[in-house]
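J.: Here is what each chain is made of, one letter per residue.
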Amino acid sequence: MNAVTAEKMVLAFIGCITFLIVALLFTILGIMFLKGLPAMHGGFLFEESSDFGRAGGILYQLVGTLILMGVAVLWSLPVALGSVLFQTEYLNTGKLKTFLTQLTYILNATPTILFGLVGYLLFGVYLETGVSWVTGSLILAVMILPTLQVSIREAVEALPEKYREAGMSLGLSRPTQIWRIILPQSLYGIVTGVLLGLARAAGETAAIMFTATTFSGIQFPQSFSDPVPTLQTHILVLAQEGANPESIAQAWGAGLVLLGLVFLMTLMAWAFRTRMVMESEL
Amino acid sequence: MNAFFCVRKLEPVGWIFAAMNFVFLGCAMALGIFLVVESVPILRSEGLSFWLGENWWVGESFGALPMICGSLIVTGLAIFFVLPVALSGALFTSEYLPPSFRRKVKGVMELLAGVPGIIYGLLGVSFLTLGVKDALNLLDGNTFFTAGLLLAIMILPTVLTLSEDALHSVSYEFREAAESLGLTKLQTALRVVLPQSLPGIVGAVLLGIGRAMGETIAVMLVVGSLDRVPGFNLFVSGQTIPSKLGREAAEALGSGLHWNALMGLGLTLFLVVAIITFSGHLFIKRCNQ
Amino acid sequence: DTGSRIQIVGSTTVLPVASRSAQKFMESSSSRILVNAGGSGVGIHSVVGGRADIGMASREISLDESNRFEKSHLKIHPVGLDAVACVVSSEIYQAGVQQLTARQIAGIYLGEIRNWKEVGGPNKKIVVVDKERHRGTRHVFMEYVFGNASQRTPGTLLVTGSNNEEQAKIAQSDSAIGMLSFNWINEDVKAVSLLDHGKEIMPTWESVRQGSYPIVRKLNFITAGNPKGEVKAFIDFVKGPEGQKIVEESGYIPIENP
Amino acid sequence: MIQFKNFAVAFGERKVVQELTFSLSTNSITGIIGASGSGKTTFLRALCRMNDRINNFSVEGSVFIDGMDVYRPDTDVYALRRKVGMVFQKPCVFPKSIFDNAIFGVRDKLPKKERPDLVEKVLREVFLWEEVKDRLGEKATTLSQGQQQRLTLARTLAVGPKVLLMDEPTSSLDPKSTAAIERLAQSLKSRHTILWVTHQHDQAQSIADRVLVIENGQVTPLSTPIVPPEKSSSFTKILQGYPE
Amino acid sequence: MIQFKNFAVAFGERKVVQELTFSLSTNSITGIIGASGSGKTTFLRALCRMNDRINNFSVEGSVFIDGMDVYRPDTDVYALRRKVGMVFQKPCVFPKSIFDNAIFGVRDKLPKKERPDLVEKVLREVFLWEEVKDRLGEKATTLSQGQQQRLTLARTLAVGPKVLLMDEPTSSLDPKSTAAIERLAQSLKSRHTILWVTHQHDQAQSIADRVLVIENGQVTPLSTPIVPPEKSSSFTKILQGYPE
Ligand SMILES: Nc1ncnc2c1ncn2[C@@H]1O[C@H](COP(=O)(O)OP(=O)(O)OP(=O)(O)O)[C@@H](O)[C@H]1O
Ligand SMILES: Nc1ncnc2c1ncn2[C@@H]1O[C@H](COP(=O)(O)OP(=O)(O)OP(=O)(O)O)[C@@H](O)[C@H]1O
Ligand SMILES: [Mg+2]
Ligand SMILES: [Mg+2]
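Protein chains in written order, with this note's numbering: chain S, 1 to 282; chain W, 1 to 289; chain F, 1 to 258; chain B, 1 to 244; chain D, 1 to 244.
Okay, chain S solo, but in the shape it has when bound (with noise of 0.2 Å):
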């Protein structure tokens, strides 16, 4: 057998392992289209729920979810980036840079249910903030960090040496260069992470349970000190204790419009994303 036809063997085996795991998406979407969609009426995403989720739609929970997630993002990119940057172009002891970067994959791997409850034993019982979005936006910000710190930093650490030396030959101060080499040339990996990272903070129950969410008797919240109604809590409350077959279906279609507005994020962010990207696509 010479190198060609190994070549050409193992070309066909990855190759449908690629097309498996792109199967696999849409056998996960049509499985959750299936399970979803019998919860789907008319008014299903604008209206509010009630009956313990037998009846009505699932409004505020989406506008919760939007709400904790997005604020999230905006609390966890700047430490992210500021942070990945940091160790990246201002560090320059080896050790103390393996050990950030050690800890972030350390801060990754904490079980969810340690932050959330953490994070009520911080901000409930010792700061007493109540529940509120403000917290959990909090937590889940510190949640996702580590994801988004990683993504940021292969996307930086991968740009090639050269570039940082041409334009320290033209004199950019540093944030010039970050602001017109670094950033541009690694907006792919940062755009790539806050997907990530709003993926996680979208699925996550464990952590906003006991800090920031209530399952009914909030609409929009009013002020810093008020809890959410949440898509991902709704799910996991209906999945629980949910009896009766309204309820089960609701909690699969709360779930369809979960996937489907993360999803949507991801189409934006593409959108987004092509128009920005420098970096040629050799």
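What you were told as hints is all true, and nothing was included just to trick you.
Pairs of lysine to aspartate or glutamate residues, derived as DMTMM-like cross-links and limited to a Cα-Cα distance of at most 25 Å, are as follows: (1) B:Lys96 to S:Glu165; (2) D:Lys83 to D:Asp209; (3) F:Lys228 to F:Glu242; (4) D:Lys162 to D:Asp209; (5) B:Lys139 to S:Glu89; (6) D:Lys109 to S:Glu89; (7) S:Lys95 to D:Asp52; (8) W:Lys285 to B:Asp100; (9) F:Lys245 to F:Glu60; (10) W:Lys133 to F:Glu91; (11) S:Lys162 to D:Asp76; (12) B:Lys113 to B:Asp134; (13) F:Lys71 to S:Glu128; (14) W:Lys285 to D:Asp52; (15) F:Lys232 to F:Glu248; (16) W:Lys185 to B:Asp76; (17) B:Lys176 to D:Glu215; (18) B:Lys133 to B:Asp108; (19) B:Lys162 to B:Glu120; (20) B:Lys176 to B:Glu125; (21) F:Lys117 to W:Asp134; (22) F:Lys228 to F:Glu256; (23) D:Lys176 to B:Glu215; (24) F:Lys75 to F:Glu143; (25) D:Lys5 to D:Asp69.
Beyond 12 Å from chain B on every Cβ pair, some chain W residues (computed): (26) Ala19; (27) Val37; (28) Ser49; (29) Leu52; (30) Asn55; (31) Ser61; (32) Cys69; (33) Val229; (34) Ser255; (35) His281.
FYI, nobody ran anything at the bench for these hints, they're computed from the structure.
All C-beta atoms, glycine included, are put in the ideal place defined by N, C-alpha and C.
Following the hints, complete the assembly by docking chains W, F, B and D with the ligands onto the known chain S.
T.: Here is chains W, F, B and D with the ligands on its own, set in the frame of chain S:
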């Protein structure tokens, strides 16, 4: 504090970045210190037998061995499933697919990575456990194997898309140089591209391991949640650290030794991940020499 | 214009009752009632810490808790009853296992009985499904079977949490046994009758109402001290006829004397 | 033998090489000159199908190297590239040790213990051995540009190609090394067919059996003696030429 | 004015430039020659502190450029680098349009409507304008090596440095462009101090007011007329020289 002596001269923007870094450091440290402080009582009362004990019974003894083994097994399984698949997929996408297709596959991966964890949980309970049970003719489908498989599916897109990024970011000049020497695409990929993107790939895998290690809800729903030290059988139910926390932590909140024991579990996970991460970085270092 | 805000936190079992009642209550009141899940433990803990006005619990306050939180003067307000059945997969039920004695159930949970044929069923291994130790369901079930609410069960194969989770697992299996609130019994998951000294107790609402069904638990609201104002109004509402109707609609049993 | 039949090369609309029918004999050195951006690199790269991955790149007509049709769909490109070695204008060494770089193309085919000999041989050929023999294990990226250029040449020689495409192989070398590489080319001539792109016309004239000029997409042999263009540098003005 | 005082440069243990005390006058062109790997690039990079990022790099002594101590800890490196422009041996263009590349260093300081003028001016100066004026919006990475080299020169000129460090700026250029760049250097001399690394000794001799030779870490002025070394290429052998 040492950090300040190593950094190059800082301008105002640099100070902002440094501050951000301290926020990050603060969060991680705070969590770590919290866990240590909260688990001191249990370590004091149980000592080493906290990690070696097989028996977890509130009010009597707290032995974390079943959970530690479970976490390692489930994560190991997930990585075992994911690694070949993700690497093949990444290699194919980055090296063989034309750019337009590549972007499409990447898109699919990002969509998949965007499927929220709770949905994987729902799907796992409704389909995967049944599938595993029927396919393998088991007594029951809630097993380590199922949890590993579910985790593998969960982390696959993340690992794949991040390692693909790492592969793709290797400059094409290197590929050209290798191909001009008559290497096939595969040889080029394996001998030039892969080694150069290794840090990125290890990073992606570490991220996946972390995700698998820390996943709570999805694992809790399919692993069976039975505290026992497993033998060599992967097709039995068991318990992982996060699923144990998920089942008991809310109930045990602030209730003395039980709570401390659970925080001790959290600390243990922290340490295990630290060891894995450390070895990962050691591996990169090795490969760079 | 918003009146007072009432926070209710705790057990997901009680949640449907609280959520529905709150919705109804707010129609005629200016106060806002927030209902959130979290589990009985968090419910009690929150009430003690003043982070919630009412805690929901599907179990009694444990000895440990009542000792620690003595200062808070926790008050229990039962709002409904739930009955717990011993359930088996429908395949087993059809194959003949329609009644079990407490001793047989104990044998199964202790791992002494491993095959259904030992209790008159088909030749199949038993998938023993237990619940998280702190669950109210388990407390009353074990209390009945063993006389000890926190009995160890070495025969267990799976541990589950919520009713839905357990229901799903028993339904997916074709040889499982477990414990479930009546509300979750359906054609996949069948409740067996309990044989007590030769007397068969049917797992029906009827026998619960008559008081002959032995495995019942109270669904509780918990407050720190005696409730006042709107909180009291709400608790009274739930205990009142309208509230009790909601309790019934939610699949639980109204308390005897409202 | 390299034969071109109506060979044309283009990036999208922009034709870089137009309709070329021509042949080059075996074991000869062909110099290629032309202004910057005229298409010399593109021309060489087309010969070993290095442009395959560029999207808007297209060829017409055909090239035969030793009777092998380069652009036939069923041509084994990898075999082709082992036969037609290319040394790039911009040296690109792998971030590995100098040793590993030198044997990179043949590592799989060579038993472990023959490797040091081969490395020494090729590094000597490109006159790099003395400079690096004590630091073979160091990263090749720490070498100077000229050293890297020679290393990539050595790396290509190690594969043992029949045809050598050299894109300005001496552009970052000092005169001494340049002379040495030129002599190397002369000695390789007996076994290899060499195409040598250069900007120094005198170099092309002195080493090549034949000089091709690329201008406006036309590849023409330089037959007339070169006429001096504008002054390029006072010392060589009489000698260097440029076809206008 | 560039003054060296006991200036030495090393990578770890390996000294690249040893104990140099010397000064270069303003508005002059200094040619730098030396064998490949002798340290020319390192020397230039040291002048604008481009090696700060390299771990085992170290300097001793001091350099003053226009009275500014380059290696004083409180020196503003960015101002320094704007004053001391460097053109690299291996051109590195940004994966952006040609236009953006040309104004990259000054974009923030320049009002939008002045940009096209500046771009045209600098591209004309490096004789690239005619070749690229119709494709200013295209990616600069599609340019040929020589074009890229000129583009990076243009990019540096746009910043308006006082001192220009040019590392083999004509190595991938044809004689015509080379001559043009050489003429450009002559005209820039009135405003800039230029250091020009080259391998072609004739070039160094013809354009530079003074030629420095780097050899074994010693930087010495070339005073004696150059003696021909070994034969480098038949046409120039009488004219090119190499200090042994
Ligand atoms: N980062 C580095 N680490 C260690 N050694 C280095 C590094 N960079 C360069 N060197 C070594 O320093 C010496 C001088 O290199 P330099 O690039 O300055 O040479 P040069 O004179 O520019 O050569 P050329 O004409 O080939 O470009 C070389 O021996 C090179 O291998
Ligand atoms: N990928 C590409 N896409 C579009 N145009 C290209 C591409 N690569 C090169 N070109 C253009 O094709 C022409 C020929 O480029 P080539 O690199 O072959 O020139 P060259 O003769 O090698 O020049 P130099 O001596 O400067 O290296 C140039 O005008 C260049 O801009
Ligand atoms: Mg070229
Ligand atoms: Mg150099």
